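There are 2 protein chains.
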Amino acid sequence: MSATGSLVGIGVGPGDPDLITVKGLRALRAAPVLAYPAPESGESLARAIVAPHLNGGEAKTEIPIRMPMVAARFPAREVYDWAARAIGEHLDAGRDVACLCEGDPFFYGSFSFLFERMVERYPVRVIPGVSSLTACAAAAGAPLATRSDVLAVVPATLGEAELRTRLEAADAAAIIKVGRHLPKVRAVLDSLGLLAGAHYVERATMERERLLPLAELGDAAAPYFSMVLVHRRGFAWS
Amino acid sequence: MSATGSLVGIGVGPGDPDLITVKGLRALRAAPVLAYPAPESGESLARAIVAPHLNGGEAKTEIPIRMPMVAARFPAREVYDWAARAIGEHLDAGRDVACLCEGDPFFYGSFSFLFERMVERYPVRVIPGVSSLTACAAAAGAPLATRSDVLAVVPATLGEAELRTRLEAADAAAIIKVGRHLPKVRAVLDSLGLLAGAHYVERATMERERLLPLAELGDAAAPYFSMVLVHRRGFAWS
Numbered sequence: 009m010s011a012t013g014s015l016v017g018i019g020v021g022p023g024d025p026d027l028i029t030v031k032g033l034r035a036l037r038a039a040p041v042l043a044y045p046a047p048e049s050g051e052s053l054a055r056a057i058v059a060p061h062l063n064g065g066e067a068k069t070e071i072p073i074r075m076p077m078v079a080a081r082f083p084a085r086e087v088y089d090w091a092a093r094a095i096g097e098h099l100d101a102g103r104d105v106a107c108l109c110e111g112d113p114f115f116y117g118s119f120s121f122l123f124e125r126m127v128e129r130y131p132v133r134v135i136p137g138v139s140s141l142t143a144c145a146a147a148a149g150a151p152l153a154t155r156s157d158v159l160a161v162v163p164a165t166l167g168e169a170e171l172r173t174r175l176e177a178a179d180a181a182a183i184i185k186v187g188r189h190l191p192k193v194r195a196v197l198d199s200l201g202l203l204a205g206a207h208y209v210e211r212a213t214m215e216r217e218r219l220l221p222l223a224e225l226g227d228a229a230a231p232y233f234s235m236v237l238v239h240r241r242g243f244a245w246s
Numbered sequence: 009m010s011a012t013g014s015l016v017g018i019g020v021g022p023g024d025p026d027l028i029t030v031k032g033l034r035a036l037r038a039a040p041v042l043a044y045p046a047p048e049s050g051e052s053l054a055r056a057i058v059a060p061h062l063n064g065g066e067a068k069t070e071i072p073i074r075m076p077m078v079a080a081r082f083p084a085r086e087v088y089d090w091a092a093r094a095i096g097e098h099l100d101a102g103r104d105v106a107c108l109c110e111g112d113p114f115f116y117g118s119f120s121f122l123f124e125r126m127v128e129r130y131p132v133r134v135i136p137g138v139s140s141l142t143a144c145a146a147a148a149g150a151p152l153a154t155r156s157d158v159l160a161v162v163p164a165t166l167g168e169a170e171l172r173t174r175l176e177a178a179d180a181a182a183i184i185k186v187g188r189h190l191p192k193v194r195a196v197l198d199s200l201g202l203l204a205g206a207h208y209v210e211r212a213t214m215e216r217e218r219l220l221p222l223a224e225l226g227d228a229a230a231p232y233f234s235m236v237l238v239h240r241r242g243f244a245w246s
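Chains A and B supply the protein sequences, listed in that same order.
Under the numbering used here, the first residue of the first sequence is numbered 9, with each subsequent residue one higher.
Under the numbering used here, the first residue of the second sequence is numbered 9, with each subsequent residue one higher.
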């Protein structure tokens, strides 16, 4: 009888394939089964990030975890229940499974939905990765936080009043999941006198990376992979 | 006449040598000059982290940035002024310099002191790294933040009242730079009803990594490389 396989969440980094860690790369290549989040149809970003590292390797079984594009149902419980069963079958058969995670698995990642379904029944570990947080700071060309700064990571999905309260309690902030919430984010920062120093970063370290002062950005919806960085002392973003 | 060299800050990750990125490793090996923070005497942690990757490579010029152990004078302005001059001489001579940074250069790193001295005069870029933040979450075995959580990174150096206010404004928190502030951190978390769920992580991913519920830790001073993770929904840390 074979031993149970183990599940490893690999942080593949923010987008540049070479921002995967040496440890993550080794685990990626060793795993016979790869799972990864994917849109309802089309390419998975996490899978695309590691693609250059898989060329010429041996064939792997792949499990795309495809999420229907219905915002109200995200995260779709049924999809993760299904993924947990599909991955569990491989683990039961003694095969290790690597789950590819954009950025870091435990930093606002959808991996947490898989993690909570697996951790009681199987060995699960995580290889941390470079998060979008520090990738955006590197792209913007200024420190995220220094010395005694309190840094807040604030999802733009919060209501306007709450967004304001949370930002007031921080010296530096990274506003994540900006997307369609861009006008609200801009209004809140403006009311706090922080708009002039706010920096917008889209697709950090990816091919179509885009950087500009938030004040210069139009009101079109930002993509999901965008972030606004702000600091009370007004770092000079490059 | 040779072109000016460029300065690259490399995030070498939290401690495990294999948590450096592929990109960071390449830049490390290519640089003819390495600078890194170091104690007044003895070994540099950043240098020790990359040591396994340098065996057998060609000799490099090394610039340890040695910081006197006088807490009141940290960061010692004179030391960084000196380091900026020493590094500047190499850049002027057309030699690239890599500065090794524990974790990520722009996440509470001493690299910011060097960065502010160099960025106006030389090409400077940063290769982001895995920060202690996500490394500690991976070690603790639970998500740092998910969904609409506001995550606060809070230095333990703040006063007790301010520490309380900042923690109240967050759903999840990472309290960094714990060191001798451990009794204060514990008292504040206790008063907020968060002590039972707080997790203590010391030297994440390093050889002497240590993990335990904060409530079980004695009152001896924690090392500088320690962090307390806490979440209002009380993740079950492993």
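Careful, some of the hints might be misleading.
All copies of an identical chain are treated as equivalent in the list; a pair is satisfied when it fits inside any one copy or across any two copies.
To be verified - Simulated pairs of lysine to aspartate or glutamate, EDC-like, Cα-Cα distance not exceeding 20 Å:
{"no.": "1", "residue 1": "Lys192", "residue 2": "Asp157"}
{"no.": "2", "residue 1": "Lys68", "residue 2": "Asp179"}
{"no.": "3", "residue 1": "Lys185", "residue 2": "Asp157"}
{"no.": "4", "residue 1": "Lys68", "residue 2": "Glu86"}
{"no.": "5", "residue 1": "Lys185", "residue 2": "Glu86"}
{"no.": "6", "residue 1": "Lys68", "residue 2": "Glu128"}
{"no.": "7", "residue 1": "Lys192", "residue 2": "Glu224"}
{"no.": "8", "residue 1": "Lys185", "residue 2": "Glu97"}
{"no.": "9", "residue 1": "Lys68", "residue 2": "Glu176"}
{"no.": "10", "residue 1": "Lys68", "residue 2": "Glu224"}
{"no.": "11", "residue 1": "Lys68", "residue 2": "Glu215"}
The hints are simulated quantities; they were obtained by calculation from the structure and are not laboratory data.
Since the model is a prediction, treat every value here as computed from it, not as a measurement.
Verification of the supplied hints:
Proximity of Lys192 to Asp157 under the C-alpha cut-off of 20 Å is restricted to the inter-copy arrangement: shortest distance 18 Å between copies versus 25 Å within a copy. Proximity of Lys68 to Asp179 under the C-alpha cut-off of 20 Å is found in neither arrangement, the shortest distances being 46 Å within a copy and 39 Å between copies. Taking the shortest Cα distances, Lys185 and Asp157 sit within 20 Å of each other only across copies (12 Å), while inside one copy they are farther apart (22 Å). Taking the closest pair of Cα atoms, Lys68 and Glu86 never come within 20 Å of each other, the shortest separation being 25 Å inside a single copy and 55 Å across copies.
Taking the shortest Cα distances, Lys185 and Glu86 never come within 20 Å of each other, neither inside one copy (23 Å) nor across copies (41 Å). For the identical chains of this complex, Lys68 and Glu128 are neighbours neither inside a copy (26 Å) nor across copies (48 Å), given an alpha-carbon limit of 20 Å. In the homo-oligomer, the alpha carbons of Lys192 and Glu224 lie at most 20 Å apart inside one protomer (15 Å), although the nearest pairing across protomers, at 43 Å, exceeds that limit. In this homomeric assembly, Lys185 and Glu97 never come within 20 Å of each other (Cα to Cα): the closest approach is 33 Å inside a single copy and 43 Å across copies.
For a Cα distance limit of 20 Å, the shortest separation of Lys68 from Glu176 qualifies neither inside one copy, at 48 Å, nor across copies, at 46 Å. Neither within a single protomer nor between protomers do Lys68 and Glu224 lie at most 20 Å apart by alpha-carbon distance, with minima of 45 Å and 44 Å respectively. With identical chains, the CA atoms of Lys68 and Glu215 are never at most 20 Å apart, being 27 Å at best within one copy and 32 Å at best between copies.
Of the numbered hints listed earlier, those contradicted by the structure are 2, 4, 5, 6, 8, 9, 10, 11.
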